[in-house]
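For the record, the sequence lines run as chains A and B.
When we follow the working numbering, the leftmost residue of the first sequence carries the number 6, and every step to the right adds one.
When we follow the working numbering, the leftmost residue of the second sequence carries the number 300, and every step to the right adds one.
Hint data in this document are derived by calculation from the structure and do not stem from the laboratory.
If you're wondering where the values come from, they're calculated on a predicted model, not measured in any experiment.
Worth double-checking, as some hints may not be accurate.
To be verified - Quick look at which bits of chain B chain A covers, simulated, 3 or more residues with Cβ under 8 Å:
| id | segment |
| --- | --- |
| 1 | 309-315 |
| 2 | 320-333 |
| 3 | 341-355 |
| 4 | 372-380 |
As the list claims (entries may be wrong) - Take a look, some chain A residues computed to stay more than 10 Å from chain B by CB distance:
| id | residue |
| --- | --- |
| 5 | Leu8 |
| 6 | Lys10 |
| 7 | Thr14 |
| 8 | Val16 |
| 9 | Leu29 |
| 10 | Val47 |
| 11 | Thr51 |
| 12 | Pro78 |
| 13 | Phe95 |
Stated by the list, open to error - Each computed BS3-like pair below joins lysine-lysine, with the alpha-carbon atoms no more than 27 Å apart:
| id | chain 1 | residue 1 | chain 2 | residue 2 |
| --- | --- | --- | --- | --- |
| 14 | B | Lys334 | B | Lys319 |
| 15 | A | Lys73 | B | Lys336 |
| 16 | B | Lys336 | A | Lys92 |
Glycine residues also receive a C-beta, built at the ideal position from the N, C-alpha and C atoms.
Below are the chains, spelled out letter by letter.
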Amino acid sequence: MKLGKVIGTVVCDRKESSFEGVKLLLVQPLDEDLNEAGEPVVACDTVQAGPGDTVVWEGGREAALGLKNWFNPSDATIMGIVDSVNKGDF
Amino acid sequence: MTLGRVIGTVVSTVKLEALKNYKILMVKPVDPDGKEKGSVMLALDTVQAGMGDLVLVIDEGNSARLIIGDPMGPVRTVVAGIVDEVSYDH
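Chain A on its own, in the form it takes in the complex (with noise of 0.2 Å):
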């Protein structure tokens, strides 16, 4: 999984039949100090986050396996709301 902040919604008013249902999300991927890293991505949403909220995101084969219809062609879901980073010294 990956860090990532939601920075906006995307509405797909006619989109492919498995992603019925589902919300997306714009989101911007994080580094460990919470520092924009790459490109935005859209992701499914699966915990009701919004804009604003710090997330963890999974891409690839695992990203469909997260939404409730498991046969998707999702490449990104979100799969939980942060609510703190701690991060170490190392």
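Assemble chain B onto chain A, guided by the hints.
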């Protein structure tokens, strides 16, 4: 499998049911000398690892699902061991 250093923890109370019983660790990949390289990953903890530990990381979905015992779990990265010692010829 790769070597990694636990550099922090991520606390998330709102998350997918499949992730409910697991702690999320921030793991930085390291080379055999313990030097950090690459970008941080978030891994599920299955061995009670803690901050600063050198750990064995599995970053592959099927292996990860086997470890957590959930064939459809949306999981790719798990901490699967705490490393006591690495020895190799330079």
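Going through the hints against the structure:
no.: 1; hint: 309-315; verdict: holds (count 7)
no.: 2; hint: 320-333; verdict: holds (count 3)
no.: 3; hint: 341-355; verdict: holds (count 4)
no.: 4; hint: 372-380; verdict: holds (count 5)
no.: 5; hint: Leu8; verdict: 7 Å, violated
no.: 6; hint: Lys10; verdict: 13 Å, holds
no.: 7; hint: Thr14; verdict: 18 Å, holds
no.: 8; hint: Val16; verdict: 23 Å, holds
no.: 9; hint: Leu29; verdict: 17 Å, holds
no.: 10; hint: Val47; verdict: 17 Å, holds
no.: 11; hint: Thr51; verdict: 6 Å, violated
no.: 12; hint: Pro78; verdict: 14 Å, holds
no.: 13; hint: Phe95; verdict: 5 Å, violated
no.: 14; hint: B/Lys334 <-> B/Lys319; verdict: 32 Å, violated
no.: 15; hint: A/Lys73 <-> B/Lys336; verdict: 35 Å, violated
no.: 16; hint: B/Lys336 <-> A/Lys92; verdict: 17 Å, holds
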